[in-house]
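Novice: This is what each chain is made of:
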Amino acid sequence: MKWSHQLIIAVVAMLAIAAGFFSYRTFTAGPRDGPDLPHFSFPDVAGVQRDRSEWDGKTLVINFWATWCPPCREEIPEFIKLQEEMGGLGLQFIGIAIEDTEPVEAFMAEMTFNYPVLIGEDDGMSLSAQLGNTIGILPFTAVIDRSGKVVHAHSGPFNREQVMAIVKPLLAGDS
Amino acid sequence: MGKILGHITACFLVSWCAAIAAAPDDAGFQPSVQTLRVAANVDGEGDPLSLFTETLKGLGGAFSQDELLPADQAFRFSAEVENGNTVRVDWQIADGYYLYREKFRFSLSDAPGIQLGRIDIPHGKPKEDEAFGAVEVFYHQVGFDLPLIRSNTQPLRIALEAHFQGCAERGVCYPPMKKRVVLELPAAQASSGIPDADASQSTDSAAMQSEQDRIAAELGSRSLWLTMLSFLGFGILLAFTPCCFPMIPILSGLIVGHGHRITTGRAFVLSLSYVLGLAATYTVFGLLAGLFGSNLQAVFQEPWVIIAFSVVFVLLSLSMFGLYELQMPAALQYRFSSLTNRQHGGTVIGAAVMGLLSALIVGPCVAAPLTGALIYIGQTGDAVLGGLALFAMGFGTGIPLLVVGTSAGKLLPKAGPWMSATKAVFGVMMLAVAIWMLERILPPAVTMTLWAVLCIISAIYLGAADALPHDASGWRRLWKGVGMVMLTYGVLLLIGVASGSGDVLQPLYMIAGPAADSPRNSERVTFQPIRSVGELDRQLEKASQTNKWVMLDFYADWCISCKEMEYYTFSDPNVRTVLTDMILLQADVTENSAADQALLKRFNLIGPPATLFFGPDELERQSFRLVGFVDAESFLGHLQQVTQ
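So the sequence lines, in the order shown, correspond to chains U and P.
Letter 100 of the first sequence, counting from 1, is numbered 100 in my numbering, and no numbers are missing.
Letter 353 of the second sequence, counting from 1, is numbered 353 in my numbering, and no numbers are missing.
Mixed in with the good hints, there may be bad ones.
To be verified - Okay, the calculated beta carbon distance ranges per label pair:
{"#": "1", "chain 1": "P", "residue 1": "Gly-96", "chain 2": "U", "residue 2": "Asn-159", "range": "50 to 60 Å"}
{"#": "2", "chain 1": "P", "residue 1": "His-638", "chain 2": "U", "residue 2": "Met-108", "range": "35 to 45 Å"}
{"#": "3", "chain 1": "U", "residue 1": "Gln-49", "chain 2": "P", "residue 2": "Asp-581", "range": "30 to 40 Å"}
{"#": "4", "chain 1": "P", "residue 1": "Lys-548", "chain 2": "U", "residue 2": "Gly-57", "range": "54 to 64 Å"}
{"#": "5", "chain 1": "U", "residue 1": "Pro-169", "chain 2": "P", "residue 2": "Asp-581", "range": "49 to 59 Å"}
{"#": "6", "chain 1": "U", "residue 1": "Met-108", "chain 2": "P", "residue 2": "Asp-129", "range": "46 to 56 Å"}
{"#": "7", "chain 1": "U", "residue 1": "Gly-57", "chain 2": "P", "residue 2": "Asn-574", "range": "49 to 59 Å"}
{"#": "8", "chain 1": "P", "residue 1": "Asp-631", "chain 2": "U", "residue 2": "Gln-49", "range": "28 to 38 Å"}
{"#": "9", "chain 1": "U", "residue 1": "Pro-169", "chain 2": "P", "residue 2": "Asp-66", "range": "41 to 51 Å"}
{"#": "10", "chain 1": "P", "residue 1": "Pro-126", "chain 2": "U", "residue 2": "Asn-159", "range": "24 to 34 Å"}
{"#": "11", "chain 1": "P", "residue 1": "Asp-120", "chain 2": "U", "residue 2": "Met-164", "range": "42 to 52 Å"}
{"#": "12", "chain 1": "U", "residue 1": "Asn-159", "chain 2": "P", "residue 2": "Asn-152", "range": "54 to 64 Å"}
{"#": "13", "chain 1": "P", "residue 1": "Asp-129", "chain 2": "U", "residue 2": "Gln-49", "range": "28 to 38 Å"}
{"#": "14", "chain 1": "P", "residue 1": "His-123", "chain 2": "U", "residue 2": "Ile-80", "range": "18 to 28 Å"}
What the hints assert, rightly or not - In silico SDA-like cross-links for lysine to any residue, where the CA-CA straight-line distance does not exceed 25 Å:
{"#": "15", "chain 1": "U", "residue 1": "Lys-149", "chain 2": "U", "residue 2": "Pro-70"}
{"#": "16", "chain 1": "P", "residue 1": "Lys-178", "chain 2": "U", "residue 2": "Glu-78"}
{"#": "17", "chain 1": "P", "residue 1": "Lys-103", "chain 2": "U", "residue 2": "Gln-162"}
{"#": "18", "chain 1": "P", "residue 1": "Lys-548", "chain 2": "U", "residue 2": "Asp-122"}
{"#": "19", "chain 1": "U", "residue 1": "Lys-168", "chain 2": "U", "residue 2": "Glu-54"}
{"#": "20", "chain 1": "P", "residue 1": "Lys-125", "chain 2": "P", "residue 2": "Lys-179"}
{"#": "21", "chain 1": "P", "residue 1": "Lys-127", "chain 2": "U", "residue 2": "Glu-110"}
{"#": "22", "chain 1": "P", "residue 1": "Lys-563", "chain 2": "P", "residue 2": "Val-575"}
{"#": "23", "chain 1": "P", "residue 1": "Lys-127", "chain 2": "U", "residue 2": "Asp-122"}
{"#": "24", "chain 1": "P", "residue 1": "Lys-127", "chain 2": "U", "residue 2": "Lys-58"}
{"#": "25", "chain 1": "P", "residue 1": "Lys-542", "chain 2": "U", "residue 2": "Glu-121"}
{"#": "26", "chain 1": "U", "residue 1": "Lys-81", "chain 2": "P", "residue 2": "Lys-179"}
{"#": "27", "chain 1": "P", "residue 1": "Lys-125", "chain 2": "P", "residue 2": "Arg-101"}
{"#": "28", "chain 1": "P", "residue 1": "Lys-179", "chain 2": "U", "residue 2": "Thr-101"}
{"#": "29", "chain 1": "P", "residue 1": "Lys-178", "chain 2": "P", "residue 2": "Pro-112"}
{"#": "30", "chain 1": "P", "residue 1": "Lys-103", "chain 2": "U", "residue 2": "His-39"}
{"#": "31", "chain 1": "P", "residue 1": "Lys-103", "chain 2": "U", "residue 2": "Glu-110"}
{"#": "32", "chain 1": "P", "residue 1": "Lys-103", "chain 2": "P", "residue 2": "Gln-141"}
{"#": "33", "chain 1": "P", "residue 1": "Lys-103", "chain 2": "U", "residue 2": "Glu-54"}
{"#": "34", "chain 1": "P", "residue 1": "Lys-542", "chain 2": "U", "residue 2": "Glu-110"}
{"#": "35", "chain 1": "P", "residue 1": "Lys-103", "chain 2": "U", "residue 2": "Lys-58"}
In short, the hints are calculated from the structure, not lab data.
A virtual CB, placed ideally from N, CA and C, is assigned to each residue, including glycine.
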């Protein structure tokens, strides 16, 4: 009977669609690649607009911080040391401050940064949310590999051992 | 019968596939919002970020975002009017989190003739902070009074803004937080410090309060028994909302389907156990709301839950159509019926279980009153009271059902062909309930097809296609007439599906074309999506710069009222015209992520639907909050009042 044929065809089609969805789901969410780092552009303390593309091709450690956040202030000296030791290997720290210029300027007078500090304000927080900081806490740090993939998102203080464990393979893989 | 079965099987395959397509947790299906999905899905299975987070957990010292509380949960702020000259502010601070004493700031706005006096903040725990030196911090709780210096003694609505900042012991900090609350100040003495007896009533004084506020406020100051009585009353009222009608066929089906000889007493017992089951579910809601206060509706409205219940209803309807008896071996049938006859408890428990389950399905449709009730319970934080109150509400909802169930049992004849016809009617109604439930997760074309199929097949069973003999009785003619109407409507629905209409009530809309005077229009208003509290604040600030009003709509895929609002109300041409002057924001909280929860928490909402209005001063007009479906006409009236 024709009707039952159509029914069978419909059922098979539905099963095929379902199978398609499942395989799409399985194969597109591969664990190897992280999401791409979204484009961003923030001014630095001097008011110069700094674009993400400036650091293309480097292994980035993007640290979101603020002067009102004691744990953020405590981990920065270690970042400065790491930048000094491994900057030559293509590692680049970037600080994004979640506040306006004034307090950041005051803080930078106390501490000598050897990596760029950008004034992110609220948009900086949005960027961190896109990188996984859904709750909106500080410090929050993301590691991006040379191809621009976000390979790690870290909530809370990021100590030397933890940074090295993530960053080392990214640098070694290149040489 | 075989055909019906085949069709239903096909329909459910369709619905299953559609549910997979509609599964909200899948980032892969929505490439246009990929980056943001990534943010919302940090803990999602298969998400690259969460995999890395997992890897890192092994390194020690690190933790993932799901171990942290959103700011609004870590620091629960509340403010209340103590009297005309005093506002009490309070923070409940989660374990392991603290607030800095020196970071508290307060300001008033919309408060002509009122100023803040000197604030006495209690001393906190000293803390040696490496960055800040010796500071004082508060753990667990802090509360103090804000004195008001008033030259304006009139009752007044003012806005209080509180700034505060805190961190967690595990080494993370939250950005400075800003909370705005609208307070209803009663009249006061010009000199400060005279307590005002009417202060506690101040929340009642607003000329127009939102539905959930009213319920919560009304119940705020009553004794336990009065509270339970109020909830019983609410429950009875709820039973007369259209959303509770599906319970009648379920219950009647249980009683009719039960057997041949049903006494009034037995019908009462069955109805009672159904109603008690219903009330038990509400009790659990109440207990949970008291304990956790999380989004109950979201949990029970997951697509798979809906599909599971639809299947249950279809299976039940099949038994109504007598399908089970056909397939059940005689020996088994005999054993089953003797078992049923011997063990009264068995079916009573069955009825109770059905009651339990139907409350889960029908519950969300009474969102507004339930939200009010749950907010009240959340405010008391008393799980026992919550359980009792919601039990009373559930039982109240059940009282009319009790009457219907019991009388239906009495009215039913002991035996006869009348009963199988009634059973079939209930069977059709159960199928209708199944489709009605699926409507919230399936595309309209699919559910419309299902409606069409249901109408047409029922019509055939009513004899719509049979020739009437000359001596046909009046009843038979009537049924054929009803059948013809259903058949015609079913065919129209099919034509509607074929022509791309998604509206069961206007199947030929696409063919007839959008007439000039048609109240509905396929065009929709476009909302700007909001994903976090921060984003909302930014939008509010932007709106205030252009001196515009903001409407914030909470939406979720599983929320049927939200879809009704979009489809019937927001798309109304008149409504759209008025809305062009406003900034329209929408928070899609389908995923119930941490950011979603934070948004809901901020406004003390249990879940969608909810529509909030903000003035150009960035303040929410809490009294104009809408919860649940409102038709276009009332909505227009409401908009006018809001912006006046």
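Novice: Each hint needs a verdict: does it hold in this structure or not?
Specialist: Results of checking the hints against the structure:
1. Gly-96/P - Asn-159/U: 50 to 60 Å: Because 20 Å falls outside the window, the suggested range is violated.
2. His-638/P - Met-108/U: 35 to 45 Å: At roughly 52 Å between Cβ atoms, Met-108/U and His-638/P fall outside 35 to 45 Å, so the hint is violated.
3. Gln-49/U - Asp-581/P: 30 to 40 Å: holds, 35 Å
4. Lys-548/P - Gly-57/U: 54 to 64 Å: Hint violated: Cβ distance 44 Å, outside 54 to 64 Å.
5. Pro-169/U - Asp-581/P: 49 to 59 Å: holds, 56 Å
6. Met-108/U - Asp-129/P: 46 to 56 Å: Given range 46 to 56 Å: violated, Cβ gap about 20 Å.
7. Gly-57/U - Asn-574/P: 49 to 59 Å: Taking Cβ atoms as reference, Gly-57/U and Asn-574/P lie about 56 Å apart, which means the hint holds.
8. Asp-631/P - Gln-49/U: 28 to 38 Å: For Asp-631/P and Gln-49/U the Cβ distance comes to about 50 Å; the hint is violated.
9. Pro-169/U - Asp-66/P: 41 to 51 Å: violated, 26 Å
10. Pro-126/P - Asn-159/U: 24 to 34 Å: holds, 27 Å
11. Asp-120/P - Met-164/U: 42 to 52 Å: Taking Cβ atoms as reference, Asp-120/P and Met-164/U lie about 49 Å apart, which means the hint holds.
12. Asn-159/U - Asn-152/P: 54 to 64 Å: holds, 55 Å
13. Asp-129/P - Gln-49/U: 28 to 38 Å: holds, 34 Å
14. His-123/P - Ile-80/U: 18 to 28 Å: About 37 Å separates the Cβ atoms of His-123/P and Ile-80/U, which means 18 to 28 Å is violated.
15. Lys-149/U - Pro-70/U: Distance ~29 Å between Lys-149/U and Pro-70/U Cα, so the pair is violated.
16. Lys-178/P - Glu-78/U: The hint is violated at about 32 Å.
17. Lys-103/P - Gln-162/U: violated, 32 Å
18. Lys-548/P - Asp-122/U: Holds, at roughly 21 Å.
19. Lys-168/U - Glu-54/U: holds, 22 Å
20. Lys-125/P - Lys-179/P: Roughly 24 Å separates the two Cα atoms, so the pair holds.
21. Lys-127/P - Glu-110/U: Distance ~23 Å between Lys-127/P and Glu-110/U Cα, so the pair holds.
22. Lys-563/P - Val-575/P: holds, 16 Å
23. Lys-127/P - Asp-122/U: violated, 29 Å
24. Lys-127/P - Lys-58/U: Between Lys-127/P and Lys-58/U the Cα gap is close to 40 Å, so the pair fails against 25 Å, i.e. violated.
25. Lys-542/P - Glu-121/U: holds, 15 Å
26. Lys-81/U - Lys-179/P: The given pair, whose Cα atoms are some 39 Å apart, is violated under the 25 Å limit.
27. Lys-125/P - Arg-101/P: holds, 9 Å
28. Lys-179/P - Thr-101/U: holds, 24 Å
29. Lys-178/P - Pro-112/P: The given pair, whose Cα atoms are some 21 Å apart, holds under the 25 Å limit.
30. Lys-103/P - His-39/U: violated, 34 Å
31. Lys-103/P - Glu-110/U: holds, 22 Å
32. Lys-103/P - Gln-141/P: Answer holds: Lys-103/P to Gln-141/P is near 15 Å, not above 25 Å.
33. Lys-103/P - Glu-54/U: Answer violated: Lys-103/P to Glu-54/U is near 37 Å, above 25 Å.
34. Lys-542/P - Glu-110/U: At roughly 35 Å apart (the allowed maximum being 25 Å), Glu-110/U and Lys-542/P break the hint.
35. Lys-103/P - Lys-58/U: Violated: Lys-103/P and Lys-58/U sit about 39 Å apart, past 25 Å.
The structure fails hints 1, 2, 4, 6, 8, 9, 14, 15, 16, 17, 23, 24, 26, 30, 33, 34 and 35 (numbered hints given earlier, in ascending order).
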